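In the order they appear, the protein sequences are chains R and H. Each position in the first sequence, counted from 1, maps to that position plus 4 in the numbering used here. Each position in the second sequence, counted from 1, maps to that position plus 242 in the numbering used here.
Check the hints yourself; a few may be wrong.
Stated by the list, open to error - Label-pair distances were calculated between CB atoms; the ranges are: (1) R:99 / H:263: 38 to 44 Å; (2) H:274 / R:251: 52 to 58 Å; (3) R:99 / H:336: 27 to 33 Å; (4) R:15 / H:348: 58 to 64 Å; (5) R:139 / H:276: 20 to 26 Å.
To be verified - Residues from chain H shown here face chain R by an in silico Cβ test under 7 Å; the list is partial: (6) 253; (7) 254; (8) 281; (9) 282; (10) 283; (11) 286; (12) 300; (13) 312; (14) 342.
Since the hints were derived computationally from the structure, they do not count as laboratory data. This structure is a prediction, so every number in the text was calculated from the model and none was measured. C-beta atoms are modelled at their ideal positions from N, C-alpha and C, and glycine is treated no differently.
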Amino acid sequence: MPIDQRRINGPDVSIPYYIYSNLNKKSDKIKHDFNIRNDKRSNNEMRKIFLKTGIVSQAKGSAYIELGNTKVVCSVFDPRELSNRNGYCSQGEIYCEFKFAPFSCQKRKIHQQDAEEKQYSLILQRALEPAVCLHEFPNFQVDVYAMVLDNAGSSLAAAIMAASTALANAGVPMFGLVTASTIGIYDNHYLMDPTDTEEVICNTQPDNQDDFNHGIITLASLAQHNQVSEVFLIGSIDTNSIIQATEILTTVNKDICPVLQQCLVKTIMKLHN
Amino acid sequence: MDKNKDIIVCVPGQRLCISDKVNIAGPGTYEQQGYIYSKLAGLVKLVEKENTRTVEVHGITEQSIVPAPGDIVTAMVTIVNQRFCKCSIKCIGDIVLTRPYRGILRKEDVRAIDKDNIQMYKCFRPGDIILARVMPMTEGHTYQLSTAENELGVVIAHSEEGVAMIPINWTQMQCPKTLRKEFRKVAKVIPEHVIADQ
Numbered sequence: 005m006p007i008d009q010r011r012i013n014g015p016d017v018s019i020p021y022y023i024y025s026n027l028n029k030k031s032d033k034i035k036h037d038f039n040i041r042n043d044k045r046s047n048n049e050m051r052k053i054f055l056k057t058g059i060v061s062q063a064k065g066s067a068y069i070e071l072g073n074t075k076v077v078c079s080v081f082d083p084r085e086l087s088n089r090n091g092y093c094s095q096g097e098i099y100c101e102f103k104f105a106p107f108s109c110q111k112r113k114i115h116q117q118d119a120e121e122k123q124y125s126l127i128l129q130r131a132l133e134p135a136v137c138l139h140e141f142p143n144f145q146v147d148v149y150a151m152v153l154d155n156a157g158s159s160l161a162a163a164i165m166a167a168s169t170a171l172a173n174a175g176v177p178m179f180g181l182v183t184a185s186t187i188g189i190y191d192n193h194y195l196m197d198p199t200d201t202e203e204v205i206c207n208t209q210p211d212n213q214d215d216f217n218h219g220i221i222t223l224a225s226l227a228q229h230n231q232v233s234e235v236f237l238i239g240s241i242d243t244n245s246i247i248q249a250t251e252i253l254t255t256v257n258k259d260i261c262p263v264l265q266q267c268l269v270k271t272i273m274k275l276h277n
Numbered sequence: 243m244d245k246n247k248d249i250i251v252c253v254p255g256q257r258l259c260i261s262d263k264v265n266i267a268g269p270g271t272y273e274q275q276g277y278i279y280s281k282l283a284g285l286v287k288l289v290e291k292e293n294t295r296t297v298e299v300h301g302i303t304e305q306s307i308v309p310a311p312g313d314i315v316t317a318m319v320t321i322v323n324q325r326f327c328k329c330s331i332k333c334i335g336d337i338v339l340t341r342p343y344r345g346i347l348r349k350e351d352v353r354a355i356d357k358d359n360i361q362m363y364k365c366f367r368p369g370d371i372i373l374a375r376v377m378p379m380t381e382g383h384t385y386q387l388s389t390a391e392n393e394l395g396v397v398i399a400h401s402e403e404g405v406a407m408i409p410i411n412w413t414q415m416q417c418p419k420t421l422r423k424e425f426r427k428v429a430k431v432i433p434e435h436v437i438a439d440q
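Let the hints inform the model, and build the full structure from the sequences given.
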């Protein structure tokens with residue numbers, strides 16, 4: 005690992021302690037009861053959502069979302085000029101940056117963006133672009149920064165919802181609000197809004213079965229117009245399961261949309277008085 | 243509570259009404275498949291006219307204002323050379339911008355007469371505050387400015403002593419401390435109380 009000149013250098017290598025905590029366990033297989041989840045939810049139940057706008061004073065628009073224990077802060081800044089561009093563009097641009105805080109995951113994250121965070125930044129940008137009226141600010145760029153404070157599963161879906169609310173709070177013209185949700189698939193079980201433990205289970209394939217259904221699907225959609233803006237899939241899932249999971253996610257996104265609307269209406273009523 | 247009866251609050255993507263000959267989509271809204279939808283989170287205003295009614299949505303935050311052709315802007319001169327000078331646009335009308343935009347003022351747009359004999363260093367200096375009008379955009383990343391009017395030009399300039407100079411005619415300004423005269427393209431600024439009388 006190269007020495008970082010801009011930070012205090014700690015040890016070259018450090019390994020989290022929890023890797024050694026299961027050494028004495030006899031059974032290697034993962035035990036999980038799919039009929040009852042660890043937090044007493046049924047398989048098609050979302051976690052509680054808390055959403056609030058206007059929490060970052062320096063930003064033009066901001067939003068904070070809690071999805072169970074997952075906590076994400078999103079900031080939107082003023083449209084700014086693209087200084088290094090010479091041609092004229094009739095469309096504006098959205099720049100998205102997705103970042104996990106170093107303390108947000110079980111394994112400590114570094115300060116720079118790694119490959120997963122860069123991928124999530126592109127997914128966040130693709131999810132928001134169909135909803136924003138880019139032709140209203142030609143030749144300008146809107147900056148969106150999403151920071152995950154606590155990653156307890158479904159962080160990408162929470163960041164998409166927070167970014168959509170922050171853009172509406174900033175006064176950026178939009179065709180509609182974007183809602184997103186995540187589903188985990190393990191054999192015949194569909195776990196709505198998985199936690200980080202359930203995400204690990206759904207990403208694991210049993211040793212003795214080759215064509216085992218497992219994976220995670222995140223779907224973002226404009227629920228008011230029945231339009232899907234982004235689908236992100238990890239794992240090995242057959243076609244029928246994908247279709248069924250997509251229908252479940254679309255229905256859940258439509259159910260989440262009133263939460264975003266009520267949060268914005270509350271903000272407008274507070275500012276109007 | 244009576245005030246809240248007349249308030250119509252909407253969020254982006256919310257359907258407002260049918261788009262027909264009576265209901266017309268105004269700013270902050272868009273039409274799609276025969277309906278008017280909202281683009282912003284804010285309050286709905288209905289502007290009644292003779293036979294039509296315009297539906298508008300006003301956002302809660304102040305809009306990010308982009309200069310449009312024809313606007314009077316306040317800018318600060320940053321770089322001066324023989325053919326043009328570069329400016330930083332600070333205000334649009336009475337509204338202070340949160341982020342400055344870049345403008346360019348060409349030699350041919352400084353004044354309306356005697357264009358061939360203009361010398362840029364006798365019209366502007368770096369640090370001057372000028373009033374200018376935005377021209378139609380030709381380059382993608384810079385706003386074209388023009389001061390080819392009597393009311394446009396330098397309004398605030400500082401001398402070498404750092405004192406704000408006083409305009410004495412339309413081409414010169416004088417330092418009240420050292421009485422030294424400098425050349426500027428001076429704006430004919432009308433006092434505000436005179437405007438109020440008109």
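For each hint, the structure was consulted:
no. : hint                      : result
1   : R:99 / H:263: 38 to 44 Å  : 42 Å, holds
2   : H:274 / R:251: 52 to 58 Å : 24 Å, violated
3   : R:99 / H:336: 27 to 33 Å  : 30 Å, holds
4   : R:15 / H:348: 58 to 64 Å  : 60 Å, holds
5   : R:139 / H:276: 20 to 26 Å : 21 Å, holds
6   : 253                       : 5 Å, holds
7   : 254                       : 4 Å, holds
8   : 281                       : 4 Å, holds
9   : 282                       : 6 Å, holds
10  : 283                       : 5 Å, holds
11  : 286                       : 11 Å, violated
12  : 300                       : 10 Å, violated
13  : 312                       : 17 Å, violated
14  : 342                       : 9 Å, violated
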